[in-house]
Amino acid sequence: MISATAWRESLFKALANRSFLVGLLITGTVALMAALSFFWTPYAVGTFDIAGKLKPPSVAHWLGTDHFGRDILSMIMVGSRNSIAVAFVSVMIGAGVGVPLGLWAAARGGIIDELLMRFNDLVFAFPALLSAVLITAVFGPGAINAIIAIGIFNVPVFARVARGAALSLWPREYILAARASGKGAARITVEHILPNMTNLLIVQGTIQFSLGILAEAGLSYVGLGSQPPMPSWGRMLFEAQTMISIAPHMAVFPGLAIVFTVLGLNLLGDGLRDVLDPKLQQVR
Amino acid sequence: MTLLEVRKLSLRIGPVETLKGIDLAVNAGEIRALVGESGSGKSLTALSIMKLLPAGAVPAGQIHFNGRDIMAASEAEMCGLRGNDIGMVFQEPMTALNPVKTIGEQVSEGIRLHTGASRAIAEERTRRILDRVGLPSSKFPLDRYPHELSGGQRQRVVIAIACALKPKLLIADEPTTALDVVLQAQILDLLQSLVDEEKMGLLLISHDLAVVADIAHSITVLRHGEVMDSGDTTRILTEQTHPYTRQLAQASMHIPERTTPRYRPPHDALLSVRNLGRSYRGQRAGLFSRHEDTRAVDDVSFDLQPGQSMALVGRSGCGKSTLARMILALDKPSRGEIRFSSQRIDQLDEIALRPIRQNMQVVFQDPYGSFNPRHKAERLVSEPLYLLDRPLSAAEKRERVDRSLERVGIAPKDRGKYPHEFSGGQRQRLAIARAIITEPKLIVADEPVSALDVSIRAQILDLFADLNGRLGIAYLFITHNLSVARAVTDTVMVMADGQIVEHGRTEDVLRHPQSEAGRALVEASPDLHKALARRIGEQG
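Chains as they are written, first to last, in the numbering used here: chain A, 6 to 289; chain B, 16 to 555.
These are computed hints drawn from the structure, not numbers from a lab.
Any given hint could be a false lead.
[Claimed, not checked] Distance condition first, Cα-Cα at most 25 angstroms in a straight line; then the derived DMTMM-like pairs of lysine to aspartate or glutamate: (1) B:456 / A:14; (2) A:18 / B:429; (3) B:391 / A:196; (4) A:18 / B:436; (5) B:412 / A:178; (6) B:428 / A:275; (7) B:428 / A:196.
[Claimed, not checked] Under 8 angstroms between C-beta atoms, here's a sample of chain B residues computed to sit facing chain A: (8) 365; (9) 372; (10) 376; (11) 381; (12) 385.
Glycine included, every Cβ here is placed at the ideal spot set by N, Cα and C.
Input sequences plus hints: build the corresponding full structure.
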């Protein structure tokens, strides 16, 4: 049980960590932007204004307009939903399947470990993009299929991290003491193994989250992600490609959005790892 | 001639003054022991001399080595000195060696770096120094990797690296703490003969007076960063004028008072082990050759009575811990049987074992590794309560945790702390509190005091003896240190190569060991009384 004061205290501690704070601010801004886009955007993303196309940033259009005269700020806002949803769900799929697999492999060892990990290697051998091409070739392109493809790509990553960490924890004496207290492998895994690898998983999670955002951008860039007219950061970059000499702002702003989101997530992950580790909390 | 002179050395790390005006001198050919508890500043003093202090540490005072001012020396000058003129040996031979390089590469590295010698010449010198430390290249070729060597052999390699260039000063920071007593005696012997031959100065750091009493010419006693006592070994140890020196000496020779009768006539055994064996499958030499099985435990039989305290002594790798794990049902025996309260336990599954486990708990060596760092003391100590037939309410649980904590001398209010907030000795108390919470009949303790300072070791041994008397818990006490066995046990078993080679009353075995393994352990065991008697005898 955590009392309200203890909770507030750990929140203060967390906010004193600079990379956590900066990461939280950046990630929070992106998340807010995505949430806001459900209710309001400066312009509707579906409206074309051919007369006002390829305008550089101005008071009317803060980040300028694209080759159809659509407002780039509005498109980035709506596109962030897509990026966040794809990355988040695919990380959940990866962690939800991969972590239990890795823990199981480490706890059982032997032939189960061998089978699971070799199967992992098989999946790992295909890059996200390739498996996405495969899936979209079978099921057709779209956001859902992109999520599944990136999620499958995340499974072996989490399985490996979880198995490696669990293997290094199993011979520890406190695990032996827990076994001497009659606890079975499943219970020990939940009580002792998993809590001691949370920081690893969180850091891996934020890395995979940012990779997911990049992968989604990559898939949309080659036309396998979410389909038009739904805006997406990756496709905005793709469309900007041919205009780069006349309207560089079309590429710069979605690119910056990706960079900032990835940076913010990495900082947040670093900060969380430090904040969650009781050994790193200074005794005052 | 004074080789190393440290005057008024102070060290500040942040707001804390860790060293306060340390004076220390080492002459050529002299062994100077630096003795103190953990946190007394021994290692920081050594690191100050090497100028290898952690970032943020601010030293003040004077350090002169061989006429050179160390405090004023640049990093480039220090690189020339380190390894060449000042060698260093660390405590943990496992981590002091690079696991991916052969021992030959690691020893010759320093030789080539400092002398610019060719590969062939450096190799020749490497062969010579490894031969000198007892690793002749006929048996230990230069292309061996650290993991192919035992702990003692690895420490020899570390010493070879430190001595390869015949340094004028060798600093050895707890060089034998991670080793068993027999290896400890061998390594101390080696250091002494190196000093005698090469006229090196040796700064020998230890927490145990008994370890250094044999070979040190002079002793400096350190506490909380201050020199308490300093001078000739014989004088320091015979006069013991300083109260702290006396305290350390007593801790080293400590024997707890025991209330239980030292020996009881046998009746129904609590634990009975018959013809127990455990083999591990070795590597095959070739595809068609057979597995060479190694027998970690071989045909072991013994009985333990209720309330009896029995020591299991032997060198590292003799099979003590494997035996303990089988008794604790954490490992399955290959042969033989184990009975606990007349019930056979070696074939039971986890659920059938629950009532047995309630009566059988464990304390490990490492007070740092035996707790989940993410749980608080209350949860850690209450873990074995999981074995009870009915779940306890939160209040009942807390009551039992508090009672257990009180029994081991920890304030119940500390139950909300994390393990890293306790000191090493307190953590070992927590481990004992966890072991006694189900009120077991047997505790298996695997080297429970080997990682502790002598002064804390004495307190923990007192606690073991006290719990044995008050709660009537039987112990199987695993150790390689005989003074520990003497302190808290009635009977002792000596184990060598997986077999019990000697079994008898503790006093008898320690006084007149019959087996070769027993004799080796008794002779190698550091003993302040013996060391003093020998010194006084030598001086007439």
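Hints, one by one, checked against the model:
no.: 1; hint: B:456 / A:14; verdict: 43 angstroms, violated
no.: 2; hint: A:18 / B:429; verdict: 22 angstroms, holds
no.: 3; hint: B:391 / A:196; verdict: 13 angstroms, holds
no.: 4; hint: A:18 / B:436; verdict: 18 angstroms, holds
no.: 5; hint: B:412 / A:178; verdict: 23 angstroms, holds
no.: 6; hint: B:428 / A:275; verdict: 33 angstroms, violated
no.: 7; hint: B:428 / A:196; verdict: 24 angstroms, holds
no.: 8; hint: 365; verdict: 6 angstroms, holds
no.: 9; hint: 372; verdict: 5 angstroms, holds
no.: 10; hint: 376; verdict: 6 angstroms, holds
no.: 11; hint: 381; verdict: 6 angstroms, holds
no.: 12; hint: 385; verdict: 4 angstroms, holds
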